[in-house]
Amino acid sequence: MRLSRIIMALTAGLAVAAVPTVAGAAQPQPSPSASQPQPSLSPSQPQPSVTVYPPGRGLASLTVTLPTITLGHTFTLHGSGFAPDETVEIDVSISALPGAAPAAGTARRGDGSTVAMAAVAYARPLDAQPEPAPLQFEVTADATGAFTVPYRPTEVGRYTFSATGESSGLTASATGTVLSPRAASPSPSSGGGLPVTGSSLSTPLKIGVGLAGVGALLVLLSLAWRRRGGFGMGPR
Amino acid sequence: MADSGVSRRRRRSSRRSTRARVRRILLAGLVVCSLLMTLGGWVAFRGWQARAHLLNAAGLARELSSQVVGGDVDRAQRTLAALQEQAGAARSATGDPGWWVAQHAPYAGDDLAAVRQIAVAVDDLARRAFPALLRIDLASLVPKKGSLDLTRLRAVSGEVSAADRVVRETGERLRTVPTGHLLGQVQDALTGLRTELDNLAGLTAAADQGARLLPPLLGADGPRRYLLVSQNPAELRSTGGMFGAYAVLNAEKGRIRMGQQDASSGLGLFDPPLRVDPQVRELWSDLPGRYPADVNLSPDFPTAAALYREMVRRRTGTTVDGVLAVDPVALSYLLGVIGPVAVPGRPTLSGGTVVRTLLSDSYRTLDKQAQDEYFGQAAAAVFTDFFTKSVDPRELLTVFSRSVDERRILFWSDHPEEQRVLADSRLAGTLPEKDTVPTVGVFLNDGSGAKLGYYLRFSANLTVGDCQSDGRRELRLRVTVHSTAPRSGLKASVTGLALSGDPYTARTLVSVYSPTGGAVLGGRLDGRDSAMSSGLDRRRQVTVATVEVKPGGTRTLDVSLLTGQTGAGAAELVLTPTVTPWTTRVATAPSCEQ
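Same order as they appear, the protein sequences are chains A and B. The first sequence maps to residues 1 to 236 in the working numbering. The second sequence maps to residues 237 to 830 in the working numbering.
Footprint (simulated), chain B over chain A, 3 or more residues, beta carbon under 8 Å:
#, stretch
1, 62-72
2, 158-168
3, 173-181
Beta-carbon label-pair distances, calculated as ranges:
#, chain 1, residue 1, chain 2, residue 2, range
4, B, 714, A, 144, 31 to 41 Å
5, B, 821, A, 72, 28 to 38 Å
6, B, 288, A, 215, 30 to 40 Å
7, A, 215, B, 414, 27 to 37 Å
8, A, 225, B, 405, 53 to 63 Å
9, B, 552, A, 134, 41 to 51 Å
10, B, 672, A, 150, 31 to 41 Å
11, A, 143, B, 652, 49 to 59 Å
12, B, 588, A, 144, 46 to 56 Å
13, A, 225, B, 434, 53 to 63 Å
14, B, 672, A, 219, 53 to 63 Å
15, A, 150, B, 552, 48 to 58 Å
16, B, 341, A, 70, 53 to 63 Å
Beyond 10 Å from chain A on every Cβ pair, some chain B residues (computed):
#, residue
17, 303
18, 314
19, 431
20, 738
21, 791
22, 811
23, 821
If you're looking for bench data, these hints aren't it; they were derived computationally from the structure. Since the structure is predicted, the reported quantities are computational estimates derived from the model, not experimental observations. Note that the Cβ used here is the ideal one computed from N, Cα and C, for glycine as well.
Given these sequences and hints, build the entire structure.
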């Protein structure tokens, strides 16, 4: 293990690694955009919601609670920092959930069965909800530029919500994960199925068979001895 | 009477012949029994001998590895000779005709065959693989006078390849031995040896690839040019710290020279921004493509390195073949080996104090102009000392190994075939594409625009929870952030933009990455539900919490996560390396199948 790391470290050309660390260990932050003209937030010039280099200063934000739900439950989207009373368009894109069972184009029903689904909309509505969840909708921000809207997904997957303020051009996004509902079957740990009897039994088995063999041999020998002794003594 | 006399005589003769037959059978049985017992005894005796030799060999192998690591070459040679003797004896003990016959016996035969295979494998390793590994001259892997001897390196590469081949062949042979019905002890020995061999094979394969990769990287097949960037953990970024400054390195035929140096701030702002991956943009907007200080907001070092390379190319016209990143903590390890470095007219740099000198003292005592001068002088002094002082190559390699292990040295090559080789190592600075063990990432980005990272202390506790019916497991992560910052007296160069509203309150954006195929269930800050932004990074769900800590304060972030489908009860943490190492704890659970 150590050797591999050593070699890998060497691969990097270790000798010189030290030098500019000193030089740049503590360079002041790059000149922040104080000197840069503040981009105006007009519809014709949408974008820069960010005016300084440190992250986390987006003017508009979007959050999802809870970030992970099971199918049948509802996300709550909170937006803030948009222009007062503006219309915010929310686009939803859904990608397959890696590692989860449904393949592309399918989704699991509540009872665990798999149904085929078209990529964007599906012809056959789910039992519980006749309408598929919309992939695009609009909400109106309140006087403080905030909004709260519920969203009920109708298929399993990763959901990315992108909110765009129609007049301010501000954008924000958030993601949520929708899992298939917990199957009703017992967990694998307690599930049926036969106990696995493997090699753990074979060794005692061998010893047992061996011992039985030795025992049989001893019995035969003792029988032979006794019979011989009987022959010698019997008639006298 | 006559009739009865005849019959009695007949009976007596028949009784006599029966007795003779019984005696013959008994005699034959006795002979067979004693033959079998002799053979059994012989095999048992040889087996006992082989077991003793193999146990000795195992002990010697442990001794050998510690001597190799400790650099005691003479004693390692003697240990190797003893190991070869023991392994040879074990091989010959299991190689005689009696053993061969017994291998075909029912019940015990497969155990004996397995023991034979173990003895052969150990002997092969002792005779053919270990000597080559021991012959490797570590000194040839360390540059002298700013250059690396590529001829010697190629010779080492040959040795490593040969050893790697032997280890791989032995491993494959051992894998064909059936384990199904073996005695517990033999089975344990066999699986143990297989695991050891797999470890060794991983090591020799990596060493082989590394030794082959090094010459082209150092310009054996044409000159190479790299960017050496320093990450500044006083202003945290996911891969370790803001890329503060860079230097151009020129490598040709094993010789490395330093070219132009500059600060990231000299690169300015990019408008329009460079293209940023859509998933990254959803989490961090265009920042990584806009500011050189933000290229590493997301923890994937290759992405950050490629962006930085492009920024340098656009501003200076210099195109490089790769990016090497280091941090001051790695420098402190290095100074621990080469000894203190004197800087004319300024405090001496030494392993114990360099982090404080660079990340704290210089901000307190020097203005920006003097700081730049000091850093420039220090760089020149370390460079000179590094190449003029004679350094123990073993110690040097140990500290580099430690630095790579702690993700304080990262490397990215623009040549795809080289990057592929590096991709699995910690040096590459990536999260696995697909977890073998559920891996949770916790990455830090400074959100206050200040240099308060020097004062922050982080801890992470990860607990593996219950198995769920769909094959997932719940994970509970607790991250604490503590600030040791003073309440007053910091210069404006430290408190910076003070975006948290108070110059002494550090705002840190803590990103938590779920395992691949997993999900973030929710997060709470100090026990209260907290609005956290969320996004995706390849197959992981990401949530970002904003954590603001006042001087002396501690905040606790709890995040619950789901793994992808896994039975494993283990879990791993990947973290942003910080000035003061994280306190971590991972509480594992039994795997789900049991």
